[in-house]
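Protein chains: 4
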Amino acid sequence: MPSISEVKKHDNANDCWVIVNNKIYDVTEFLPEHPGGQKIILKFAGKDCTKKFEQIHPPDTLDKYLAPEKYLGEVEQNSDEEDEGEEEEEEELDEEEKQRLELIERKPPLSQIYNLNDFEYVASKVMEKQAWAYYSSGCDDEITLRENHFAYQRIFFKPRVLRNVTNIDFSTEILGFKSSVPFYVTATALGKLGHPDGEKCLTRACFKENVIQMVPTLSSCSFQEIVDERNKEKDQTQFFQLYVNSDRKITQKIVENCEKNNIKALFITVDAPQLGRREKDMRSKYTLDASNIQNDVEEDEGIDRSQGAARAISSFIDTGLNWEDIKWFKKITKLPIILKGIQCVDDALLAIEYGVEGIVLSNHGGRQLEFARSSIEVLADLMPILKQKKLDKKIEIFIDGGVRRASDILKAIALGAKGVGIGRPFLYAMSAYGDDGVVKAMRILKDELTMNMRLLGVNTVGELNENYLDLLNLHNRFSSGDQLFQQVYEPLKLPAFKPKL
Amino acid sequence: MPSISEVKKHDNANDCWVIVNNKIYDVTEFLPEHPGGQKIILKFAGKDCTKKFEQIHPPDTLDKYLAPEKYLGEVEQNSDEEDEGEEEEEEELDEEEKQRLELIERKPPLSQIYNLNDFEYVASKVMEKQAWAYYSSGCDDEITLRENHFAYQRIFFKPRVLRNVTNIDFSTEILGFKSSVPFYVTATALGKLGHPDGEKCLTRACFKENVIQMVPTLSSCSFQEIVDERNKEKDQTQFFQLYVNSDRKITQKIVENCEKNNIKALFITVDAPQLGRREKDMRSKYTLDASNIQNDVEEDEGIDRSQGAARAISSFIDTGLNWEDIKWFKKITKLPIILKGIQCVDDALLAIEYGVEGIVLSNHGGRQLEFARSSIEVLADLMPILKQKKLDKKIEIFIDGGVRRASDILKAIALGAKGVGIGRPFLYAMSAYGDDGVVKAMRILKDELTMNMRLLGVNTVGELNENYLDLLNLHNRFSSGDQLFQQVYEPLKLPAFKPKL
Amino acid sequence: MPSISEVKKHDNANDCWVIVNNKIYDVTEFLPEHPGGQKIILKFAGKDCTKKFEQIHPPDTLDKYLAPEKYLGEVEQNSDEEDEGEEEEEEELDEEEKQRLELIERKPPLSQIYNLNDFEYVASKVMEKQAWAYYSSGCDDEITLRENHFAYQRIFFKPRVLRNVTNIDFSTEILGFKSSVPFYVTATALGKLGHPDGEKCLTRACFKENVIQMVPTLSSCSFQEIVDERNKEKDQTQFFQLYVNSDRKITQKIVENCEKNNIKALFITVDAPQLGRREKDMRSKYTLDASNIQNDVEEDEGIDRSQGAARAISSFIDTGLNWEDIKWFKKITKLPIILKGIQCVDDALLAIEYGVEGIVLSNHGGRQLEFARSSIEVLADLMPILKQKKLDKKIEIFIDGGVRRASDILKAIALGAKGVGIGRPFLYAMSAYGDDGVVKAMRILKDELTMNMRLLGVNTVGELNENYLDLLNLHNRFSSGDQLFQQVYEPLKLPAFKPKL
Amino acid sequence: MPSISEVKKHDNANDCWVIVNNKIYDVTEFLPEHPGGQKIILKFAGKDCTKKFEQIHPPDTLDKYLAPEKYLGEVEQNSDEEDEGEEEEEEELDEEEKQRLELIERKPPLSQIYNLNDFEYVASKVMEKQAWAYYSSGCDDEITLRENHFAYQRIFFKPRVLRNVTNIDFSTEILGFKSSVPFYVTATALGKLGHPDGEKCLTRACFKENVIQMVPTLSSCSFQEIVDERNKEKDQTQFFQLYVNSDRKITQKIVENCEKNNIKALFITVDAPQLGRREKDMRSKYTLDASNIQNDVEEDEGIDRSQGAARAISSFIDTGLNWEDIKWFKKITKLPIILKGIQCVDDALLAIEYGVEGIVLSNHGGRQLEFARSSIEVLADLMPILKQKKLDKKIEIFIDGGVRRASDILKAIALGAKGVGIGRPFLYAMSAYGDDGVVKAMRILKDELTMNMRLLGVNTVGELNENYLDLLNLHNRFSSGDQLFQQVYEPLKLPAFKPKL
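Residue numbers (UniProt numbering), protein chains in the order written: chain P, 1 to 501; chain H, 1 to 501; chain C, 1 to 501; chain Z, 1 to 501.
The set of hints was computed from the structure by calculation and includes no laboratory data. A hint or two may mislead.
[As the list claims (entries may be wrong)] Only some residues are given here: those of chain C computed to face chain Z with a beta carbon under 7 Å:
#	residue
1	R106
2	Q112
3	Y114
4	Y121
5	K158
6	P159
7	V161
8	V165
9	T166
10	D169
11	M451
12	R454
13	L455
14	D470
15	N473
16	Q483
[As the list claims (entries may be wrong)] Calculated lysine to any residue pairs in the SDA-like style (CA-CA distance at most 25 Å, straight line):
#	chain 1	residue 1	chain 2	residue 2
17	Z	K125	P	M282
18	P	K387	H	D346
19	P	K493	Z	L492
20	H	K107	C	A496
21	Z	K331	C	N164
22	C	K192	C	N262
23	H	K107	C	R283
24	C	K125	Z	E466
25	C	K389	C	G416
26	H	K446	C	L66
27	C	K446	Z	M282
28	H	K498	P	V488
29	Z	K39	C	R283
30	P	K500	Z	S111
31	Z	K493	C	L492
32	P	K387	Z	N467
[Claimed, not checked] Counterexamples of contact, computed for chain H against chain C with all Cβ distances above 10 Å:
#	residue
33	Y65
34	E69
35	E97
Glycine residues also receive a C-beta, built at the ideal position from the N, C-alpha and C atoms.
Given the sequences, and given the hints that come with them, work out the whole structure.
And the structure:
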């Protein structure tokens, strides 16, 4: 049981201990694996980081992801010393942060939020800079990130008139579960970056608006917290998004836990054998800590270490995951299995062959492979082939990425999607306005659904089909996007020269 | 007969009385229905709003649209109190308004107006901010609004030379009625927002230039005022645009009144079962009243109320209007019936089947369904099919939206349109320069028609056909528009943060 | 013989006399016809305008274009009075003009001019504002003006390598006349706006560089001056561009004069039955004279007068010119006849039928019909049809508009053009640097021709054909142009509000 | 043996001697041939330029490229005088240069470089202005320069999922020589402009990362220095890029020297019978020396001299090089011959016919023929034809130009390229950070290769094929490029007006 002063000695990148909830961990080898970057951990090297840690992570994180031998025992209590770590963490607010806090006070009232872009704008101003960067960034040049949205704008409508549209009903069933809307809250990581209640905000809003939530593997709240937040009386539907661990026992335990907790479907992520490079996020994180310039040389030698990081992460998310594993999953669980991250027609056909219940056409929100096509383009390619092969009823097809308006949703439905996953917009709504924000975001979409369906001349989502769409320009990638999206979008930056001395 | 002090007690959103022309009305339930927003009414809650009211509305508005029981009787006269309402309304001019009034003084002379964009520019500077926002806004991201115009610019000409073009005649017949030009003034709401004489300006200019006017249901002047403004001696042609009321008796009365007043054709709006969300307009209205910040929470709870608004409006414009109603119309009137707002080929074919005299290909100036295609694209799709089916002579086809140049008109005519509706440009001309502006706008178009027809090598509009057009790029929606249009176009805004205290 | 004081009384738009070279003219009816606008004449109403007049016009202009009765006799000499007119004309230099004169001093040396855009840039800075506006403007929104240039940039090359390209020969024959280059100086009006020597600069440069010049009808120098400027010993080739006058006798006299002066070919303009509206030019002229604001009302009543202008101009350029006239031309002259301004395939076929020697595919530099296609697009449509009909040898095809690089020329030649007309670039070179500028411009093109032909792998222009081109994108009008062109291009302006008092 | 004072007399453009390493040369006739412009030489006219000369050129340059009679003998030593030339060269640092030197101090640490664009950005700030201009410029309007990059962005991926991608192997063989990567360092001129060690930096980095280097004819280091820099123990592979001299004996000597020095393949440049005009580079050089304004007139007469320059350069690079010469090469050497600069399908077929071992589809980095297509477009055209003719195995196809990301490389490989040449990015990395920079650049590409291959679902480059690509938009040249590229790209400038006095 090492003392605080013992812990203090392990205060650098080559030998890094931290204290979380009085437990001491050696995280030296984990440093390059940390999704939030090693810098933030190094700040607490040799110190207690409980407070900061719990702002973002579920309590069981370290025990789950670190090898048992990395746990070094409980700390030898000493109240004088203990406070130190936390104290040092209280930094002076820089000018930027002061401005942010002031903007929080001056947030536009919710009544002024007319669409999902508005939430994004407010979030970009009131969120912590790094949190914003983590949520908003995509891989490489963010071409796919933006394409996801632009592609919808290349589809136009062919509306019908003179139909009785007094009654509009956009409710649907997703994998057999009732939903008030043809969209669901898709899985996104680290909810507490946006709001102290993290994913629980989404759970509560989903209940209020009767929307299905997909619980993420990389949530900030623990899985248990999120499922416990469900409404006790009504059977609120939740799905689970799964990153498959190289250690299949861990994965199996997670799946069993899902079943035990009445999760209704398992969405297995298949597009992330390695995490994409999100340069905007990386740039954002660096700038923050740019004060310690003397580290440069050391960092520059870090090239190999970063290669190591890639390898390290592979040990968490399984680079070996393949179709044979799908058979294994079908053996270990009765839950419906949906493959999240299908990106071409051939894999969609394989998915049907392997007997899964559904697929999500997704490029991971433009965070994985740059130049992956927008899902809506893939959907437009896929459906005619499925129909021709009479396979279109064999499977439920979902789609996510780039959705900002109900018109986007209706286009996807008309093309054959059963439901549309929406992620970032709800995170932004939550980050800016908490539960109320998420509820409002959902109601905005519902209002838009009503209006759009009336003006399209359809009463239910089931009536929608390709005849309502003009797809002529879908594959011509020249759209430069709507104004609000462009105004909110934060361009990539080149590296900063060091400040003048 | 309540006293003024009695009226004063009903001064809030939950209990709102107003006085118009000494008559007291309970408008509490009407608040969310008000096209101009409830804020402007709430300013006069418990007060006399006659002056402001008459600036915009026909005198009979309230008696027509409110249920009879909402009329609470005449006010008990008391001159001392009476003035109060109006006085309070006299606000301090803010900086923006002062600048606007000064710009009115400095308007460019009419001789400096060379094209319809110029009018729009002047109007954008000299109109009241909210009025400008109401006229200029479209739905959602205003993609369709702009597409309407851009689409014309993707059509090029194949002009013919060495033809005697000394005599140019662009007169035509519209539904059998002579017109000096192949365009007409289409229906637009709330003319008094732009000019105290409202729609009567347009009536007078139409007479001077021998142009047909379509009288709108939602005019600011009363229907009677507008028809009475017609030239008494010559038989000035007017059409009527009809929003069909859920209460068919009201609608029938309107139609009978049209016949009695020698209206020549009935344009039934079919693209507006629900009014589109015009966010630019909403944003503009809010900013105006942003002073009372303490209302925020209350407003934020207003989500349901705004849903109510959608429902409320549906009770005025009939969401149930459908093809069967067209049969009813044909029974109750001998007026030619034209369906305004057809947006796809199939509905055009249905219209012919139901025996109407004409259709207007229109997306309501980009104010209803976002991602509706431009009418000129629909026309280019429709005409070859009609010709193939030998239906092209069965019906007159009109088109509106986005027209700014005579070249736009000639493109539509060459594609098979009988006439082109122009709305906003004449409103802008009227708002900036009154009658003279509208006359000048029409003459500019006539000058352009002459020049363009000469340079195309045609003497009459009847000679125009598809051979004069290069349509290769019509469906490639990459045009970013001409410079003047882009300069005049006011981008959408994100919500404003509250001012620093 | 009226006295100066008599003349002085006729000093307004309704009664306007001017003195040119001691001769008095009543120009009241001509005012709206004046291509340079009536304002500039009204400045001299009742005065002597000889000096200003001769800066721009050939001496015989008034006698040629005014009816004989408008000449009122010689002025009664009175030296005191006489100076007055000229004196008053000496205005204070405004800030803008001072800056321009200073920029003339600071012109980049000719050695710094690398391409034709550079000339345009310098000209835009050192030319008088109105003169620049007259040269640079196009009709309406200047879409066709820019398309002319952009279209070339949508054609790419398929170059050949490993060919002996030591000897490059880009000389050719144009209508049987030798030319050192496959381009010629096309006709442009009012050369003295750019340089005091006007079209004579071009004549001299053409001789030096062995380039053919097309003499314009609307030259600033008189026809005789221009033909006399030719090199006496060598037989310098000149063509003539003809605007056909409604009075065919005038036209016949011009043609006879061409023959007498050894003009080698007659280019009849067929795309200008009415002059296009060049709003940039109009705007530029107005701003200049905006000082007299009190005229506004009067001007605003001027609507009909401007309509009159359109009619008036039609009386000079014949709106009735048609194919039958071509027969007449063939009777009255043995000169080769070329139709300048053909804009579609059908008219090219008609031209062959009527037996002319050549056609110029041209939209008049984007100054006539807006949305006319670029000539290079028309050429790409035309040639395959001519080849299929075996008509491609029947006629020589020229092309003009938008050419700025030798690569543009080679693209046109490869598509089947015999020669390329270049207008504005030489005017800009002349305006900025006089004769030296024009010579340099021609040498730049020659250098570029050498380099481009070497890199394309061809030794003579005769070897070029469609196989050297990638035309896939020619008809996709999404190009936004090269940077220099965009930097030099001056955007259109909206009307100016009057200045604050 | 002339004295220094004798040399001094030959100090102008018409009579120019310089001293290099105590040897006197008459460079008068060479002046217009100098790739770096004559200005820089004229600065040293009549003086010793050894120091500046050696910064850029291999020691044997003058003896190699000047005719023997231009060497005038050794200088008569006189230490007093000798220093003068060098002294005068020490100029005052201008403001811009001071800022540059300061920026060098403040360079972002290497750890902040995330991609190749980042290197380019840093290089653009820390390189000498002229050096940057020489490296970064392309011909004419730099349309092809940018197209090279944009074209890649019009290709999207169709990634496969659920494949075991634990082991990624991107090693390959290039012309039978092992390479750790499917790219090589292509030949670029004048390496010392970026770094004092010039091409040797690249040699060292290539060894560290097991990448093949192509040694350029126009290197700054001598050929011998570069080959001697290779790792002595391991057989480091180098290729040689050859500009064919009109004097074939010189060429033959170079080839023999290659064989003697164990060069593995000969890349003969076939796209440069004449050097393209790089106006950005020219503009950059002029501005530098703009102080001597009195030279203007003289320069303006220099038109013919510049024509002479074109001719002069032709005497160095052979304008007559053609297919017959390829036969000669095959006779004089057993080295594999690869033609660098093939730009169309027909020439690729000819290359196979002439029996070469490979071709590089290249437009010389956008530095030669403007409007040459991007190589990736040519590749996409070529491969289906080769496959159809069963010629795709007959030859190795390489490609260069515009590559900035591993995704670009993978697209080329999937289309059928064997390897991808990368030039400028490594120059920028070297210029900004020396050896470390180049190594880092290569590692970044390797990281990206790993990630992209994982996310594409391939383990080796051999698995890649067209099925992984969406080529629908490849030929639609509307892309405007990614943000970083656009931010780094320096727009062309118009000529500068002279400064105010």
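> Was the hint right that V161/C lines chain Z, CB cutoff 7 Å?
Replying inline: 4 Å, holds
> For the pair supplied as a hint, K125/C and E466/Z, is the alpha-carbon distance within the 25 Å limit?
Replying inline: 52 Å, violated
> Once the closest CB in chain C is found, is it more than 10 Å from E97/H?
Replying inline: Holds, since 17 Å exceeds 10 Å.
> CA of K107/H to CA of A496/C, is that 25 Å or under?
Replying inline: Distance ~8 Å between K107/H and A496/C Cα, so the pair holds.
>> Let's test the interface hint: is any C-beta of chain Z closer than 7 Å to that of D470/C?
In response: Where the cut-off is 7 Å and the nearest Cβ of chain Z is about 6 Å from D470/C, the hint holds.
>> The hint names Y121/C as touching chain Z; please verify it with the least Cβ-Cβ distance against 7 Å.
In response: Since the shortest Cβ distance to chain Z is 4 Å, the answer is holds.
>> Run the distance test for K493/Z versus L492/C: straight-line Cα separation, threshold 25 Å.
In response: With Cα atoms ~22 Å apart, K493/Z and L492/C stay inside 25 Å; holds.
> Is Y65/H truly not at the interface, in the sense that its beta carbon sits beyond 10 Å from all beta carbons of chain C?
Replying inline: Nearest chain C Cβ is 39 Å from Y65/H, so the label holds.
> Given D169/C was flagged as interface, is its beta-carbon under 7 Å from a beta-carbon of chain Z?
Replying inline: 13 Å, violated
>> For a C-alpha distance cap of 25 Å, please report whether K192/C and N262/C respect it.
In response: 24 Å, holds
> Hey, does the Q112/C contact hint survive, CB to chain Z under 7 Å?
Replying inline: Q112/C check passes; min Cβ-Cβ to chain Z is 4 Å, inside 7 Å.
> Holds or violated: is the Cβ of M451/C closer than 7 Å to a Cβ in chain Z?
Replying inline: 5 Å, holds
Hint compliance for this structure: hints 10, 24, 26, 29 are not met, and every other hint is.
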